[in-house]
Amino acid sequence: MLRQLELAQGKVAHNGSAPPNILLYINPDEGERRYLCDTLKLDEHTLASALDPDEQARLEFEPEHLAAILKRPKNYSSEDEFVFRVSSMGMFLFSDKLVLVLSEDVSLFEGKQYTRVSSLLDLFLKIVYSSIYHFEGHLKVINAVSESLEDQINTSMQNKYLLNLFSLEKSLVYYLNAISSNSRLIERLKNSAAKIGLTPENLELIDDLLIENSQCYEQASIYSNILASMMDARVSIVSNNLNWLMKTLTIITIAIMLPTLVVSIFSMNVNFPGKDHPAMFWVILCLALLSVALVRLVWRWKKW
Amino acid sequence: MDKPMIREVLLSHAPGLHARPCLAIVKLAGQFQSRLQIHHGRKIADARNMMDLLSLGAPSGTRLQLSAEGPDADKALNALADLFANNFGLDGDL
Chain A
1 MLRQLELAQG KVAHNGSAPP NILLYINPDE GERRYLCDTL KLDEHTLASA LDPDEQARLE
61 FEPEHLAAIL KRPKNYSSED EFVFRVSSMG MFLFSDKLVL VLSEDVSLFE GKQYTRVSSL
121 LDLFLKIVYS SIYHFEGHLK VINAVSESLE DQINTSMQNK YLLNLFSLEK SLVYYLNAIS
181 SNSRLIERLK NSAAKIGLTP ENLELIDDLL IENSQCYEQA SIYSNILASM MDARVSIVSN
241 NLNWLMKTLT IITIAIMLPT LVVSIFSMNV NFPGKDHPAM FWVILCLALL SVALVRLVWR
301 WKKW
Chain B
1001 MDKPMIREVL LSHAPGLHAR PCLAIVKLAG QFQSRLQIHH GRKIADARNM MDLLSLGAPS
1061 GTRLQLSAEG PDADKALNAL ADLFANNFGL DGDL
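So the sequences go chain by chain: A and B. Counted from 1, the first sequence has number 45 at position 45 by our numbering; the numbering is strictly sequential. Here our numbering runs 1000 ahead of the position in the second sequence, where the first position is 1.
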């Protein structure tokens, strides 16, 4: 699918009468891929990388354009079951247009940073910024989910919350890898400033990107360390919760078992002293209750 | 006990109720004393619980019911409805 936009008067807008200078390809079909490779001269391997979620971020200089693979968080859906994944995005900057290739439909141009865009190169850098911002947003979500899971685990005897925590930990590893990969892309952009033709404002933005990305990486790293270090403790908590339930059931079983034993003895079909005494029922009942009291006393004495 | 106040909203955000809108809802719900819930079909999510909200899986164009119960229910419901109307503070959707 192709969406055509234009950068006009400092804003990204739906294409009007002027030729579009922003081409957004969402999961391009065979025909669109042919056009991108044959007409726009995009490298086939780079185009495939743009649609491959496992690719690393990178920057390549082609004769007529600048090609970048950027990592961004994949949109989360309820089917993902708390696994937050990463996707790739291809950005191909020509002198007169910007071609973006994604594997899923996303709201790309949302955020205050798109209210004033001076050029396609500026837009290119702001898309990188919005990716970092998107990662930060998802990290806050992961933290909120983690806190919610902690509360559930404290009273749970099920594995599902632990499994959800494992999913979050896996997600953080994906994110750390992607953020680190993006940092290499941004550094390469900075080192190639003269070749790309970056203005002082662009360079300033790149410095901001490096700082933001570094902070994002630190945040992800902290969350990942917290989850990893607390995992064993949480597994023990779930196990302890189950043990506590077993203990309670055992107490109930013993408390029922002893009076049952007493009553069973007196139920034997043999003659025992006082068998026909009118108060024998109450004697047996008292003995049964005494056995329960005895269990209670022993339990308290042993401090079980 | 007061009856819960209910309002229906349209989820117009293009990607639907995904991660960042859910975060915005949790942050907003934490500012009020009332119990806020979001109903999507048979699913009910506590607006303070991120896991509940992420599990709703409401796509764009869905009609959701918001309910609020408590001392500041009216204020909370208005604020939550405004959040939906303003696209969760995620501007410039294209």
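Because the hints were derived from the structure by calculation, they are not lab data. Small disclaimer: the values here were computed from a predicted structure and weren't measured. From the three backbone atoms N, C-alpha and C, an ideal C-beta is built for every residue, glycine too. Among these hints, one or two may not hold up.
Said to hold, decoys possible - One-sided excerpt, in silico: chain A residues whose CB lies under 8 Å from chain B:
| no. | residue |
| --- | --- |
| 1 | Asn75 |
| 2 | Tyr76 |
| 3 | Ser77 |
| 4 | Ser78 |
| 5 | Val106 |
| 6 | Ser107 |
| 7 | His138 |
| 8 | Lys140 |
| 9 | Val145 |
| 10 | Ser148 |
| 11 | Glu150 |
| 12 | Gly197 |
| 13 | Pro200 |
| field | In rising order, the numbers of the hints this structure does not comply with | value | 11, 12 and 13
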